[in-house]
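There are 2 protein chains.
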Amino acid sequence: MNSKLNHAVAICDPLELAHPDSFLDVQVPYPKALPQDVIVRVEAVSINPADMRARLRKKKDNRINVLGWDVAGTIVEKGNEVSDHFQVGDAVYYAGDINRSGGNCSYHAIDSRLVAFQPKTISVEDAAALPLVSLTAWEALFEKLALAINTNLTIQDDEPTPSLLILGGGGGVGSMAIQLAKLVPNLTVIATTSRKETTEWCLKLGADHVVDHSQALAPQLSKIGYPEVDYILICNSPDTYFDILPSITRPFGKICSIVPFLQSHDFNLLMRKSLSFHWEFMFTRSSFSTHDMVKQSEILNRISELIDQKKIISPRVISLSPMNASNIRKAHQLIASNKTIGKIVIVNK
Amino acid sequence: MNSKLNHAVAICDPLELAHPDSFLDVQVPYPKALPQDVIVRVEAVSINPADMRARLRKKKDNRINVLGWDVAGTIVEKGNEVSDHFQVGDAVYYAGDINRSGGNCSYHAIDSRLVAFQPKTISVEDAAALPLVSLTAWEALFEKLALAINTNLTIQDDEPTPSLLILGGGGGVGSMAIQLAKLVPNLTVIATTSRKETTEWCLKLGADHVVDHSQALAPQLSKIGYPEVDYILICNSPDTYFDILPSITRPFGKICSIVPFLQSHDFNLLMRKSLSFHWEFMFTRSSFSTHDMVKQSEILNRISELIDQKKIISPRVISLSPMNASNIRKAHQLIASNKTIGKIVIVNK
Numbered sequence: 001m002n003s004k005l006n007h008a009v010a011i012c013d014p015l016e017l018a019h020p021d022s023f024l025d026v027q028v029p030y031p032k033a034l035p036q037d038v039i040v041r042v043e044a045v046s047i048n049p050a051d052m053r054a055r056l057r058k059k060k061d062n063r064i065n066v067l068g069w070d071v072a073g074t075i076v077e078k079g080n081e082v083s084d085h086f087q088v089g090d091a092v093y094y095a096g097d098i099n100r101s102g103g104n105c106s107y108h109a110i111d112s113r114l115v116a117f118q119p120k121t122i123s124v125e126d127a128a129a130l131p132l133v134s135l136t137a138w139e140a141l142f143e144k145l146a147l148a149i150n151t152n153l154t155i156q157d158d159e160p161t162p163s164l165l166i167l168g169g170g171g172g173v174g175s176m177a178i179q180l181a182k183l184v185p186n187l188t189v190i191a192t193t194s195r196k197e198t199t200e201w202c203l204k205l206g207a208d209h210v211v212d213h214s215q216a217l218a219p220q221l222s223k224i225g226y227p228e229v230d231y232i233l234i235c236n237s238p239d240t241y242f243d244i245l246p247s248i249t250r251p252f253g254k255i256c257s258i259v260p261f262l263q264s265h266d267f268n269l270l271m272r273k274s275l276s277f278h279w280e281f282m283f284t285r286s287s288f289s290t291h292d293m294v295k296q297s298e299i300l301n302r303i304s305e306l307i308d309q310k311k312i313i314s315p316r317v318i319s320l321s322p323m324n325a326s327n328i329r330k331a332h333q334l335i336a337s338n339k340t341i342g343k344i345v346i347v348n349k
Numbered sequence: 001m002n003s004k005l006n007h008a009v010a011i012c013d014p015l016e017l018a019h020p021d022s023f024l025d026v027q028v029p030y031p032k033a034l035p036q037d038v039i040v041r042v043e044a045v046s047i048n049p050a051d052m053r054a055r056l057r058k059k060k061d062n063r064i065n066v067l068g069w070d071v072a073g074t075i076v077e078k079g080n081e082v083s084d085h086f087q088v089g090d091a092v093y094y095a096g097d098i099n100r101s102g103g104n105c106s107y108h109a110i111d112s113r114l115v116a117f118q119p120k121t122i123s124v125e126d127a128a129a130l131p132l133v134s135l136t137a138w139e140a141l142f143e144k145l146a147l148a149i150n151t152n153l154t155i156q157d158d159e160p161t162p163s164l165l166i167l168g169g170g171g172g173v174g175s176m177a178i179q180l181a182k183l184v185p186n187l188t189v190i191a192t193t194s195r196k197e198t199t200e201w202c203l204k205l206g207a208d209h210v211v212d213h214s215q216a217l218a219p220q221l222s223k224i225g226y227p228e229v230d231y232i233l234i235c236n237s238p239d240t241y242f243d244i245l246p247s248i249t250r251p252f253g254k255i256c257s258i259v260p261f262l263q264s265h266d267f268n269l270l271m272r273k274s275l276s277f278h279w280e281f282m283f284t285r286s287s288f289s290t291h292d293m294v295k296q297s298e299i300l301n302r303i304s305e306l307i308d309q310k311k312i313i314s315p316r317v318i319s320l321s322p323m324n325a326s327n328i329r330k331a332h333q334l335i336a337s338n339k340t341i342g343k344i345v346i347v348n349k
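Here the protein sequences line up with chains D and A, keeping their order.
Residue 343 in our numbering sits at position 343 of the first sequence, with consecutive numbering throughout.
Residue 15 in our numbering sits at position 15 of the second sequence, with consecutive numbering throughout.
Hints are supplied without guarantee of correctness; some may be wrong.
All copies of an identical chain are treated as equivalent in the list; a pair is satisfied when it fits inside any one copy or across any two copies.
Pairs of lysine-lysine residues, derived as DSBU-like cross-links and limited to a Cα-Cα distance of at most 35 Å, are as follows [unchecked claim]:
| id | residue 1 | residue 2 |
| --- | --- | --- |
| 1 | K339 | K32 |
| 2 | K182 | K295 |
| 3 | K223 | K60 |
| 4 | K295 | K223 |
None of these hints come from the bench; they were simulated from the model.
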């Protein structure tokens with residue numbers, strides 16, 4: 001087994017994306033399964049802004065580094081302590097662990113507590129688009145903002161119906177967040193976009209309203225009857241919005257960001273309305289090996305059910321094949337353009 | 001009625017606390033009840049850091065301003081729309097509304113939706129110490145940090161028992177927070193203090209551990225077996241602690257502050273562990289007339305029950321009498337010293 005070739009796409013020196021060697025086709029060792037690991041034959045991966053941020057952090061140490069944290073593939077080997085519900089031959093998917101070598105390769109080792117069964121009714125490339133953005137949107141909406149997918153929000157007669165604003169609705173996380181938020185009864189979902197294509201995409205996914213984030217938000221929100229919203233999910237540049245958050249959020253409102261700030265801000269601005277600010281970082285559970293890291297497996301199994309019940313769709317929009325340095329470089333360039341809709345998947349044919 | 005004298009203690013020009021005219025004995029008009037108001041004969045008030053901050057914000061406009069947001073007294077008049085469950089003669093207490101004239105006076109008008117019945121088993125001066133700090137601690141613990149007073153926290157076998165760190169346990173809010181947090185089953189409550197007297201006070205109120213906030217916290221927390229805690233309530237100078245929050249908080253931990261920052265901070269530090277930061281400002285409900293402002297009445301009625309059931313005690317430590325400029329100035333000086341334990345009450349004899 002260990003003599004098998006393992007093709008991977010790696011980064012080495014930190015080069016400009018335009019440079020043909022910014023990604024390299026290499027051969028890396030066949031992975032070794034730790035007790036809780038499965039080894040997966042990678043059939044499709046997707047590329048996320050997280051890959052871009054990891055690439056920009058790469059040190060000039062002349063060592064290669066394999067990115068890629070969204071894998072769909074087949075289990076080919078199990079560690080000694082892996083639960084019996086996983087078997088060799090199972091079709092699985094996962095977003096993995098940013099502290100381990102990534103999935104842009106032919107064979108990949110991953111902690112089985114982060115792994116779930118693929119949806120049965122969609123292709124492997126549609127499956128690969130799901131894990132990281134679904135987990136991020138799920139944890140943000142249902143753990144951080146504490147929305148409830150299964151129960152009606154309690155609404156009293158004198159209370160306006162609750163509303164969620166998704167800043168940046170057209171990207172991968174925004175696309176999943178719109179769909180998952182629409183599973184919450186009585187919740188009004190407002191997404192922001194700046195182009196006709198992304199507006200149509202967000203409406204197709206179920207957004208109740210779309211407003212333009214290249215224009216002032218407050219008057220647009222007032223115009224659609226939501227001068228203040230209860231929940232805000234920030235999927236793009238939180239610095240842009242920070243100063244208007246106190247005026248567009250209701251007292252006791254909750255704000256969640258998945259993107260770091262580029263500068264410091266005066267958080268006292270959020271005090272008068274007793275607002276809450278939540279970080280959602282999908283790799284927290286794997287990075288800290290939390291006691292509940294298996295929740296990511298459970299969430300992805302729920303996502304598979306929702307897909308198979310036709311309640312949500314995969315956000316894959318673009319596929320590239322085969323998995324090689326040239327295509328992964330192309331995917332990174334598309335993400336860097338900030339104009340992508342949904343997700344980009346690389347198929348390992 | 002309106003010809004009655006209404007003695008009040010007011011501030012006018014922003015003078016140093018040491019100045020004998022920093023507080024003035026004045027006569028103000030007898031208050032007029034708005035439809036939802038009750039008029040209360042003030043029998044005791046307590047002084048909070050909120051009064052001190054309001055005094056420091058006073059503009060040099062040569063107009064008098066009455067502070068005081070913790071009142072215990074008797075209803076003497078009702079507005080047209082006040083619920084029947086309030087009657088003239090009822091003994092009530094409340095923390096009130098920072099945007100209206102305060103309670104440092106003989107007769108005070110207040111929105112009845114913020115008002116509750118005093119505990120039956122304690123003195124009016126012990127009652128006056130309760131509202132603002134109880135509401136702040138209750139909203140922080142049970143609404144913001146989402147602890148549950150009535151149910152066991154769900155603990156799995158492989159999960160450490162949950163823990164709350166109260167930074168600044170000896171003051172008014174800290175004193176109530178320790179007692180209320182101890183009503184949550186399975187929760188370990190750690191308070192910080194810096195003096196022998198406050199340490200003894202916090203242990204008397206039920207704290208499981210007390211550590212010294214004048215020394216490095218991390219090694220002390222490690223020593224008592226809690227290198228990371230799940231919940232943090234900041235009752236004093238949040239700037240002091242901001243940089244260590246990421247290391248002493250568990251992944252997905254929740255931090256709540258009741259005190260504003262003096263400077264900006266890098267909130268990205270809280271991202272890697274997906275932490276949440278919550279503001280608790282007790283005057284949010286009254287300031288924004290939220291649809292649920294009556295919750296403050298409900299919370300205070302719960303506090304009265306807990307007092308009468310001997311499950312918690314009033315944090316009053318010092319009483320001054322009568323209510324006049326000299327005694328209110330003395331109370332402000334005590335609070336400014338940062339050495340008070342529990343609460344200071346002024347009795348209107």
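- Query: Which earlier hints can't be squared with this structure?
  - Reply: 1, 3
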